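Peer 1: Spelled out from the first residue to the last, the chains are:
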Amino acid sequence: MNIEELRIEIDTVDAELVKLFNRRMEAVKQVAEYKKANNLPVYDSERERQLFDKVATLAGEDTESYIRTLFSVITDISRSYQGKLINGRSQAAEKIDTAIKETPKLFPQKATVACQGAEGAYSQIACEKLFQSPSIMYFNSFENVFSAVDAGLCQYGILPVENSTAGSVNRIYDLMADFNFSIIRSVKLKTSHTLLANEGAVLSDIKEIISHEQAINQCTAFIKGLKDVKITFCENTAVAAKAVRNSGRNDLAAISSRPCAELYGLKILSEAVQTTESNYTRFICISRKTEIYPGANRTSFVMVLPHKPGSLYRIMSKFSALGINLTKLESRPILGRDFEFMFYMDVESSIYSPTLTELINELQYSVELFRYLGSYSEVG
Amino acid sequence: MIVVLKNNSNPEKVDNLVKWLESRNIRVHIFKGVFETVFGLIGDTSGIDIQLLEGLDVVKSVKRISEPFKNANRQFHPDDSVLNVSGVEVGGDFCVIAGPCSVESQEQIIDIAKKVKAAGATFLRGGAFKPRTSPYDFQGLQDVGISLLLEAKKQTGLPIVTEIMNANHIPMFEQVDIIQVGARNMQNFELLKELGRTNKTILLKRGLANTIKEFLMSAEYIMAGGNENIILCERGIRTFEQQTRNTLDISAVPVLKELSHLPVVVDPSHACGVARYVKPMSLAAAAAGAHGVMIEVHNDPTHALCDGAQSLTPEQFLDVKQAVDKVLSALRN
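The listed protein sequences correspond, in order, to chains U and H.
Position 162 of the first sequence, counted from 1, bears residue number 187 in this note's numbering, the numbering being contiguous throughout.
Position 296 of the second sequence, counted from 1, bears residue number 407 in this note's numbering, the numbering being contiguous throughout.
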């Protein structure tokens, strides 16, 4: 057969496959009705195992592994189809509908906002980009920012989630899993660090540098250039500036934002000490209530997948099938489990797009745990 | 729960915190001292996350108060409370409350008022309603007694102290400067609650068989209603000793001052029941740090209608007052 004939052959087989697939889906639908009537779960591990063994035997040695992959996708599709038939729209999809309906059209201008650190922290700069006149309350830890929002002391919380040089702020991802909060907006902030010290200090005298671990990691090249400098971590870059002022020392410097110089009466020893000029930090604004403002084009969720081969692949295939762009995939270990992970994902898609709702519906029924973290737009 | 704020905290942030606490049904008692601002939280604070409050940048420290009395607790109000009663301070300068056990007649009360004032008393006391052990004893001149005290106040300018026995009588005490709650009514909680709704200064006497904690809980009853003008009065407790009517618990003075910010005065007359012990006990009270004493003075103790045995003559009172002044001046130096 020549290539044309081969393609005709493939088309013919595909037509048969589609016909057979539809027939199979019809049967799957009836099974769903049976399961619904008898109150049975969608997933039946015993049945799936038998099915895989049977098709593998039928396939023969050469194509056995391909057949297993193909059927894992087919059973997966069947399962989410049954899930949709039995459960209707997913809770997450309902939550999104309600949030869109109930959220005011305009993003609030005034709010009580929790930030970590002290005045001059990058969170403050991020917060002021989001809200016109925020009343900011500063807390000493990320945990307390979450707790403050949880307890209703603050309406919103601002948290750094990732940096273009130093990567993700893992603690935030772990906390997002502990609290059931919603992301309502994100801010991308160009972070330019300055080295600050007391009035009498000179760069050559600096023996110790204090800052947040993330900031230190963003300035490694600069720090390497200084000789014999001790590094001390503290909870926040603004807190570091405050510590330098309170110490009164001339051999201690802080890596902080520029506004901290004026706020804490420090002098700038060196500007733009970060390793790369394009150093960006992304902050998220969290709320206890799910709020979706017009223009939301990013959606985040966290999920726990079955701990077996191909789980992540099957989930990814759904993104691909629906043409949804995945912009972030972060895995974090699950506390108390043996190297099992949770996956955080950010996707780019308008919240009003039906494919996104479909994806969310599908995901909810094909993973062990699914949590919708919110849909939002980013302020640059 | 006590929340101590950092100096010069942003008022807007502090206000946010207060509003949030109030939204959780917690009353916030704000004490602004010279060096620090203290929030006393009253209500069910079990749901408040201490770590969250401690993590707030405006907060210096947070602690739970184990004692059941909150408003009266010194931790809520680190400085001594100084009350202004009709222009006279209580809790700051030493005050001397003097007068007869009962108001007997216009001549009697006005005569004593003039004499105690001349001797240096700062308040005039006198019973109009008398809680007597026997129903056959003199029960006091009641409303007439109050009018006579007011007349004495008019003539001498001394603010007056008189005892209340029934919440229904509160309207009669409209012009009284300090309403006394006697030892026997210290745990009359309905009366305390009613007095809590007024803004009158209350002189609360310790019950004859009550602990200091119970005493402070009674003050708490009044304060819980919003009235913070309270003077605590130690007047002797019942022990096995029979040589004196009660045993004056001088140690209650430093203990009360440590636990509470409220002014503490001592009544040596009722404690001893014997006139000749009043002077040494008054000196002891002053030396122990009391904010004042309350002494019974009668122009004719042998013919007094009530408690003559413990009453001093105006001359004896002058002697006590001068001796007390010496103790106070010795303490100051």
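Treat the hints as calculated values from the structure; they're not laboratory data.
All figures in this text were calculated on a predicted structure; none of them were measured in a lab.
Fair warning: there could be bad hints in the mix.
[Unchecked claim] The following label-pair restraints were derived from C-beta to C-beta distances:
#1 Ser120/H <-> Ile256/U: 23 to 33 angstroms
#2 Gln162/H <-> Gln134/U: 27 to 37 angstroms
#3 Lys117/H <-> Ala297/U: 40 to 50 angstroms
#4 Val145/H <-> Asp253/U: 43 to 53 angstroms
#5 Lys333/U <-> Lys117/H: 52 to 62 angstroms
#6 Val227/U <-> Gly203/H: 35 to 45 angstroms
#7 Asp155/H <-> Thr300/U: 43 to 53 angstroms
#8 Gly192/U <-> Gln162/H: 48 to 58 angstroms
[Stated by the list, open to error] A short, non-exhaustive set of chain U residues, derived as facing chain H with CB atoms under 8 angstroms:
#9 Gln134
#10 Ala136
#11 Ser166
#12 Gly177
#13 Gln180
[Stated by the list, open to error] So the derived list for chain U, only partly shown, Cβ under 7 angstroms to chain H, looks like this:
#14 Leu131
#15 Pro133
#16 Ser158
#17 Asn165
#18 Asn169
#19 Thr300
#20 Ser303
#21 Tyr305
We put the CB at the ideal spot given by N, CA and C, even for glycine.
Peer 1: Take the hints in turn and mark each one as holding or not.
Peer 2: Consistency of the hints with the structure:
| no. | hint | result |
| --- | --- | --- |
| 1 | Ser120/H <-> Ile256/U: 23 to 33 angstroms | holds (32 angstroms) |
| 2 | Gln162/H <-> Gln134/U: 27 to 37 angstroms | holds (31 angstroms) |
| 3 | Lys117/H <-> Ala297/U: 40 to 50 angstroms | violated (33 angstroms) |
| 4 | Val145/H <-> Asp253/U: 43 to 53 angstroms | holds (46 angstroms) |
| 5 | Lys333/U <-> Lys117/H: 52 to 62 angstroms | holds (54 angstroms) |
| 6 | Val227/U <-> Gly203/H: 35 to 45 angstroms | violated (55 angstroms) |
| 7 | Asp155/H <-> Thr300/U: 43 to 53 angstroms | holds (52 angstroms) |
| 8 | Gly192/U <-> Gln162/H: 48 to 58 angstroms | violated (28 angstroms) |
| 9 | Gln134 | violated (16 angstroms) |
| 10 | Ala136 | violated (11 angstroms) |
| 11 | Ser166 | holds (6 angstroms) |
| 12 | Gly177 | holds (7 angstroms) |
| 13 | Gln180 | violated (10 angstroms) |
| 14 | Leu131 | violated (22 angstroms) |
| 15 | Pro133 | violated (15 angstroms) |
| 16 | Ser158 | violated (11 angstroms) |
| 17 | Asn165 | holds (4 angstroms) |
| 18 | Asn169 | holds (4 angstroms) |
| 19 | Thr300 | violated (30 angstroms) |
| 20 | Ser303 | violated (31 angstroms) |
| 21 | Tyr305 | violated (26 angstroms) |
Hint check: violations occur at hints 3, 6, 8, 9, 10, 13, 14, 15, 16, 19, 20, 21; the rest are consistent with the structure.
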